[in-house]
Amino acid sequence: MAERRTRLDTPRELHRPLVRRPSYDSDTFGVFAEQFARFMGTARFLIYMSLFVVVWIGWNWIAPTPARWDDYPFIFLTLMLSLQASYAAPLILLAQNRQETRDKVVAEQDRQANARAHADMEFLAREVASLRMAVGEVATRDFLRSELRTLLTELDDRATESEATDSEHQPPGSEIVEPGTTT
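Each residue of the sequence shown is one higher than the last, beginning at 42 in the numbering used here.
Hints may be right or wrong, so weigh each one.
What follows is a list of derived Cβ distance ranges for each label pair [to be verified]:
id, residue 1, residue 2, range
1, L120, S91, 15 to 23 Å
2, W102, V72, 46 to 54 Å
3, T51, V96, 52 to 60 Å
4, D207, E168, 52 to 60 Å
5, Q150, V60, 41 to 49 Å
6, I116, R79, 25 to 33 Å
7, D198, A166, 46 to 54 Å
8, D50, F164, 41 to 49 Å
9, A156, S91, 19 to 27 Å
10, A108, V60, 36 to 44 Å
11, E163, L49, 51 to 59 Å
12, L193, E168, 36 to 44 Å
13, V95, S123, 12 to 20 Å
14, A166, P131, 49 to 57 Å
In case anyone wonders, no lab produced these hints; they're calculated from the structure.
The C-beta atom is built at its ideal place from N, Cα and C for all residues, glycine as well.
Modelling step: build the complete structure from the supplied sequences, incorporating the hints.
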C-alpha cells in the first residue's frame, strides 16, 4: 500500500471497492485446468464416472425406501452431472486455449527457423553457383596434362631438330665429349 502512495506515475484509485477481488495466479489455475482436462480424457475417468453412476442408480433403485436419497428419475444425479459438466466445459476450453497459445508460439518459432534455414540454403546455393563459375574458369587437371604433353612434344621435336642441324654443321672429327669420358 505504501508503494502506491510513493509512486507518482500511478494515479490513485478514486474509490475503493467494498469487496476486493480475490487474486489468483492465472498460470497456476491454467495448469490446474490442463491437468483436470487431461484427467477427464482418460479411460480411468470414464471408468470412475461409470462406476459412480451405476452405484448411484443401483443404490437408489435397490436399497430400502428410507435409505434412498434420489428416487427415480434421479433428479439429484442429473443435477450433479450437469454441475460437473458446467465446470468441466470451461476448464477444458481454458486448457485448449492455453495449448493453442503454446502451439502458436511453437509454430512461430518453427516458421522463423524455416526462414533462417531457407535463407541459409539460398546463400549456400549462391556460393555453390559462384564456385562452379570460378571452377569453370580454372584449368582442370586433364587440360593441364594435355597442354604439358603438347609442350613436351614440341620441346622433343625442337631438340631432335637442333641435334640434326648440329650434326650437319659439325666438322668431321670434332665430336662432343661429355665430361668424365675419355676419347
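We went through each hint and held it up to the structure:
Separation of L120 from S91 is about 18 Å and conforms to the stated range, judged on CB atoms against 15 to 23 Å. The beta-carbon spacing between W102 and V72, approximately 40 Å, falls outside the hinted interval of 46 to 54 Å. Between T51 and V96 the beta carbons are some 57 Å apart, a value that agrees with the proposed interval 52 to 60 Å. Range check, D207 to E168: about 57 Å between beta-carbon atoms, so the 52 to 60 Å window is met.
A hinted range of 41 to 49 Å for the beta carbons of Q150 and V60 is consistent with their spacing of about 43 Å. Checked against the hint of 25 to 33 Å, the pair I116 and R79 passes, with Cβ atoms roughly 31 Å apart. Checking the proposed 46 to 54 Å range against D198 and A166 shows it holds: the Cβ atoms sit about 48 Å from each other. Checked against the hint of 41 to 49 Å, the pair D50 and F164 passes, with Cβ atoms roughly 47 Å apart.
Between A156 and S91 the beta carbons are some 50 Å apart, a value that contradicts the proposed interval 19 to 27 Å. The hinted range of 36 to 44 Å is satisfied by A108 and V60, whose Cβ atoms lie roughly 42 Å apart. For the hinted restraint 51 to 59 Å between E163 and L49, the CB-CB distance of approximately 53 Å keeps it satisfied. Checking the proposed 36 to 44 Å range against L193 and E168 shows it holds: the Cβ atoms sit about 38 Å from each other.
Range check, V95 to S123: about 18 Å between beta-carbon atoms, so the 12 to 20 Å window is met. Between A166 and P131 the C-beta distance comes to about 51 Å, which sits within the given range of 49 to 57 Å.
The earlier numbered hints that this structure contradicts are 2, 9.
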